[in-house]
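Student: What follows is the residue order along each chain.
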Amino acid sequence: MGWFFASGFFTSPPVQVALVIGAVAATVCAVVGVVAMVRGLAFAGHALTDVAATGGSGAVLVGASPLGGFLGGALVGAGAIALAGHGPQQRRDVATGIVLSAATGLSALFLYLDATTNATTGVTQRVLFGSLFGASPSTVPVAIELGAATLLLTAVIARPLVLSSLSRELARARGIPVGVVSGVFLVTLAMAVGLSALTIGSLLSTALVVGPAAAAVRVTTRMSYALVIASGIGIVSTWLGITLAYDSYNWMPHNQSLPVSFFVVVDVAVAYGLCSLVAARRARGHHV
Amino acid sequence: MFSGFMINAWQVGTIVAIVAGVVGFVVVLRGDVFAAHAVPNGAFAGAAGASVVGLSPLLGLGLFALVAALGIGVLRRFGQRDATTALVLVLSLATGSALLSQSTQYASSAYALLFGEILGVSSAHLIPLLTLGAICVGVVALRWRAILLSAVTPDIASARGVPQGRLDTIFLVVVALATAMTVPVVGALLVFSLIVGPPAAARLLVSRPGPAIGLATLLSLVVLWSALVAAYETNWPVGFFVSTGSAIVYLVARGINHSVAP
Chain D
1 MGWFFASGFF TSPPVQVALV IGAVAATVCA VVGVVAMVRG LAFAGHALTD
51 VAATGGSGAV LVGASPLGGF LGGALVGAGA IALAGHGPQQ RRDVATGIVL
101 SAATGLSALF LYLDATTNAT TGVTQRVLFG SLFGASPSTV PVAIELGAAT
151 LLLTAVIARP LVLSSLSREL ARARGIPVGV VSGVFLVTLA MAVGLSALTI
201 GSLLSTALVV GPAAAAVRVT TRMSYALVIA SGIGIVSTWL GITLAYDSYN
251 WMPHNQSLPV SFFVVVDVAV AYGLCSLVAA RRARGHHV
Chain Z
1 MFSGFMINAW QVGTIVAIVA GVVGFVVVLR GDVFAAHAVP NGAFAGAAGA
51 SVVGLSPLLG LGLFALVAAL GIGVLRRFGQ RDATTALVLV LSLATGSALL
101 SQSTQYASSA YALLFGEILG VSSAHLIPLL TLGAICVGVV ALRWRAILLS
151 AVTPDIASAR GVPQGRLDTI FLVVVALATA MTVPVVGALL VFSLIVGPPA
201 AARLLVSRPG PAIGLATLLS LVVLWSALVA AYETNWPVGF FVSTGSAIVY
251 LVARGINHSV AP
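If you're matching them up, the sequences are chains D and Z in order. Following the numbering used here, the numbering of the first sequence begins with 1 at its first residue and continues without gaps. Following the numbering used here, the numbering of the second sequence begins with 1 at its first residue and continues without gaps.
Calculated from the structure, these hints are not laboratory results. Being a predicted model, the structure only gives us computed values, none of them experimental. All residues carry an ideal CB built from backbone N, CA and C; glycine is no exception. Any given hint might turn out to be false.
[Unchecked claim] Pair ranges (Cβ atoms, derived): (1) D/179 with Z/77: 45 to 55 angstroms; (2) D/283 with Z/153: 53 to 63 angstroms; (3) Z/218 with D/166: 38 to 48 angstroms; (4) D/82 with Z/252: 35 to 45 angstroms; (5) D/82 with Z/152: 51 to 61 angstroms; (6) Z/153 with D/158: 36 to 46 angstroms; (7) Z/210 with D/172: 33 to 43 angstroms; (8) Z/161 with D/155: 37 to 47 angstroms; (9) Z/55 with D/170: 49 to 59 angstroms; (10) D/183 with Z/158: 34 to 44 angstroms.
[Unchecked claim] A few chain Z residues facing chain D, derived, Cβ under 7 angstroms: (11) 34; (12) 101; (13) 134; (14) 138; (15) 196; (16) 234; (17) 252; (18) 255; (19) 256; (20) 258.
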């Protein structure tokens, strides 16, 4: 296995931290992502990542913790989207888009001020594209706690959430407060996005939220299977991405290694492609 | 404010705003908001690649925006429209960031590509921009009736023989062209503000498509011009003012819409 895991891979502390945080973020995103897919919230899930970036760049500006920034940004964004987005899909998309665009503009300002006032170089890349190898060991317990809290919250609202995702009318008839449930779900989505923004950067955390879940939903219609498959794809993609990024130091000229997030995103996309092929082949089989 | 590099900024900004107003109106009408957000990020990867290998950024922008647009167009026919759009989006961004990581001297160009750099626009860009802009507006004008029909009543459009799939692709290509010319000015992440904000506001205020597209263009011009003035006065990034202006215009329109017809 020496050819695959470059020397020092398992003993390097940054790699160990990256493997743990990556797995936590991938699992949480996969679980929340499956529900987001069923509810048609791919665009909202993506918009939250950009709003998280605003929080992250704001946190750098005032010297607060990045995780707090990402999380705060995502939560505020979730609130704004919940307030603005009522009515049919098209109108909801436009409202989500406006929240997204206003947040991106603020990111532009914060990152500009970060670069000019603090003289911090590379802050744009760090906030937007992540730095998994740069995560400090002290974030591990925080990430695990946040991940556990997100999963717990999702588990608490699981039954009404699934029912109201599949049929709003039926859920309402059963006396489920549909509005409250969808508000709480946006909060869990924001928590997952905040966590993964720290891991692979806010712009790319869409990959962990949407990718594995979309792939899983293609190959199974059962919720429990989808959750397991999505988490599996998420964890494997993240770990493989970390390994490849670590190895890329040896492949590239000038020893300029490629970013972790790049490999994670490519892995997720490949997994989605494979699942789509499986689904297509199965569909053809049924017709014959 | 009206001399030297700012002259270029005014000219280019005006062209960009007009195209964004026209194309953006169709984006909002068709509900293609997410795709319009994803395509510029393909352009980001292209510009990053061009700056690494030393090609013209405009060429890289155009090429990759086209690839992203066609990718979305093809993939979304196989279902899961939003998910495939999101994946094309993150793949483009990831490629862009990987390319930028290979060149240390372009560390600051990531910021310029994502959030825009009005000073980076030279007078040499004027002719290509005018051409691209004319193509975008021309295509929308030529296919105007088909676009309206298929956006409002897709079933009737199909029955009348409007080729929906081809129209979809043509339109995504127009978005790609509009994007390629807008990215250098307001940045890949903020093209979207100009494409969605003013047209969405115009749609709220006027229901007839002709006047609405005119109003969209007008609002987009107002947003971009005031952003230029504000950026010139404060030295803050122009993208910030463009997106804030777009959000304000939309919120005001929503307020008026609400008070007129509650």
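Student: The structure should be examined with respect to each hint, and the outcome stated for every one.
Tutor: Against the structure, the hints:
1. D/179 with Z/77: 45 to 55 angstroms: 34 angstroms Cβ-Cβ, so the 45 to 55 angstroms window is violated.
2. D/283 with Z/153: 53 to 63 angstroms: At roughly 29 angstroms between Cβ atoms, residue 153 of chain Z and residue 283 of chain D fall outside 53 to 63 angstroms, so the hint is violated.
3. Z/218 with D/166: 38 to 48 angstroms: 44 angstroms, holds
4. D/82 with Z/252: 35 to 45 angstroms: 22 angstroms, violated
5. D/82 with Z/152: 51 to 61 angstroms: Violated: the Cβ-Cβ distance is about 29 angstroms, outside 51 to 61 angstroms.
6. Z/153 with D/158: 36 to 46 angstroms: 40 angstroms, holds
7. Z/210 with D/172: 33 to 43 angstroms: Given range 33 to 43 angstroms: holds, Cβ gap about 41 angstroms.
8. Z/161 with D/155: 37 to 47 angstroms: With Cβ atoms ~52 angstroms apart, the hint is violated.
9. Z/55 with D/170: 49 to 59 angstroms: Since residue 55 of chain Z and residue 170 of chain D have Cβ atoms about 56 angstroms apart, the given range 49 to 59 angstroms holds.
10. D/183 with Z/158: 34 to 44 angstroms: 38 angstroms, holds
11. 34: 5 angstroms, holds
12. 101: The hint holds - residue 101 of chain Z has a Cβ within 7 angstroms of chain D, the shortest such distance being about 5 angstroms.
13. 134: Where the cut-off is 7 angstroms and the nearest Cβ of chain D is about 26 angstroms from residue 134 of chain Z, the hint is violated.
14. 138: 26 angstroms, violated
15. 196: Constraint on residue 196 of chain Z satisfied, holds at 5 angstroms.
16. 234: 10 angstroms, violated
17. 252: 12 angstroms, violated
18. 255: 13 angstroms, violated
19. 256: Result: violated, 15 angstroms to nearest chain D Cβ.
20. 258: 12 angstroms, violated
Comparing the model with each numbered hint stated earlier shows that hints 1, 2, 4, 5, 8, 13, 14, 16, 17, 18, 19, 20 do not hold.
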